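J.: Sequence:
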Amino acid sequence: MALTKTINLTDNFGEDRSFNDSYIKVSQIKGDKDLMTCSAVFFTDSSMKYSIKLESYDFVPVLNDINFIKQSYEHLKTLPEFAGTTDV
734 MALTKTINLT DNFGEDRSFN DSYIKVSQIK GDKDLMTCSA VFFTDSSMKY SIKLESYDFV
794 PVLNDINFIK QSYEHLKTLP EFAGTTDV
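My numbering applies: residue 734 is where the sequence shown begins, and numbers increase by one.
Since the hints were derived computationally from the structure, they do not count as laboratory data. Every value quoted in this text rests on a predicted model; they were computed, and no experiment measured them. Incorrect hints may have been included.
What the hints assert, rightly or not - So the derived label-pair ranges between C-beta atoms look like this:
| # | residue 1 | residue 2 | range |
| --- | --- | --- | --- |
| 1 | Phe746 | Asn800 | 36 to 44 Å |
| 2 | Phe746 | Ile802 | 30 to 38 Å |
| 3 | Val793 | Asp749 | 30 to 38 Å |
| 4 | Met734 | Pro813 | 18 to 26 Å |
| 5 | Glu814 | Phe746 | 22 to 30 Å |
| 6 | Phe746 | Asn797 | 44 to 52 Å |
| 7 | Leu796 | Gly747 | 43 to 51 Å |
| 8 | Glu807 | Lys786 | 17 to 25 Å |
| 9 | Leu787 | Thr739 | 12 to 20 Å |
To be verified - Calculated lysine-lysine pairs in the DSSO-like style (CA-CA distance at most 27 Å, straight line):
| # | residue 1 | residue 2 |
| --- | --- | --- |
| 10 | Lys758 | Lys738 |
| 11 | Lys763 | Lys782 |
| 12 | Lys803 | Lys758 |
| 13 | Lys738 | Lys803 |
| 14 | Lys763 | Lys810 |
Note that beta-carbon positions come from the ideal geometry of N, C-alpha and C, so glycine has one too.
Let's have the full structure, built from the sequences with the hints guiding it.
T.: Put into structure tokens, the structure is as follows:
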């Protein structure tokens with residue numbers, strides 16, 4: 734599972750860059766029954782050759798559903814930053 738979305742970033746030279754159909758993948762999940770943290774890697778495209786951003790997000794897990802990867806993606810899609818993403 735992954736997400737796609739157009740990502741707009743400012744590079745190190747102050748130039749605005751747009752990455753159409755960037756590929757967002759959860760790369761790591763850690764935590765406990767009270768709080769989980771998922772790391773999401775943003776790639777330029779689905780080839781996952783070039784990463785452009787790494788962010789971490791916290792969520793409270795649902796313990797009767799042990800699929801924490803799925804829960805991570807579902808949580809990300811509730812955040813304003815991920816509005817308009819598409820499942821792939």
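J.: Take the hints in turn and mark each one as holding or not.
T.: Structure-based check of each hint:
1. Separation of phenylalanine 746 from asparagine 800 is about 41 Å and conforms to the stated range, judged on CB atoms against 36 to 44 Å.
2. For phenylalanine 746 and isoleucine 802, the Cβ-Cβ distance of about 36 Å falls inside the hinted range of 30 to 38 Å, so the restraint holds.
3. A hinted range of 30 to 38 Å for the beta carbons of valine 793 and aspartate 749 is consistent with their spacing of about 35 Å.
4. Under the hint 18 to 26 Å, the C-beta atoms of methionine 734 and proline 813, about 21 Å apart, fit the expected range.
5. At about 23 Å, the beta-carbon gap between glutamate 814 and phenylalanine 746 stays in the expected band of 22 to 30 Å.
6. Roughly 49 Å separates the CB atoms of phenylalanine 746 and asparagine 797, a value that falls within the hinted 44 to 52 Å.
7. In this structure, leucine 796 and glycine 747 meet the distance hint of 43 to 51 Å, their C-beta atoms being roughly 45 Å apart.
8. Separation of glutamate 807 from lysine 786 is about 20 Å and conforms to the stated range, judged on CB atoms against 17 to 25 Å.
9. A beta carbon spacing of about 18 Å between leucine 787 and threonine 739 agrees with the range 12 to 20 Å that was offered as a hint.
10. The straight-line distance between the Cα atoms of lysine 758 and lysine 738 is roughly 11 Å, inside the 27 Å bound, and the hint therefore holds.
11. Taking the CA atoms of lysine 763 and lysine 782, the gap is about 25 Å. The hint holds against a cut of 27 Å.
12. Distance hint between lysine 803 and lysine 758 is fulfilled; the C-alpha atoms sit about 11 Å from each other, no more than 27 Å.
13. This hinted pair checks out: lysine 738 and lysine 803 have alpha carbons roughly 18 Å apart, not beyond 27 Å.
14. For the suggested pair lysine 763 and lysine 810, the alpha carbons sit about 19 Å apart, so the restraint of at most 27 Å is met.
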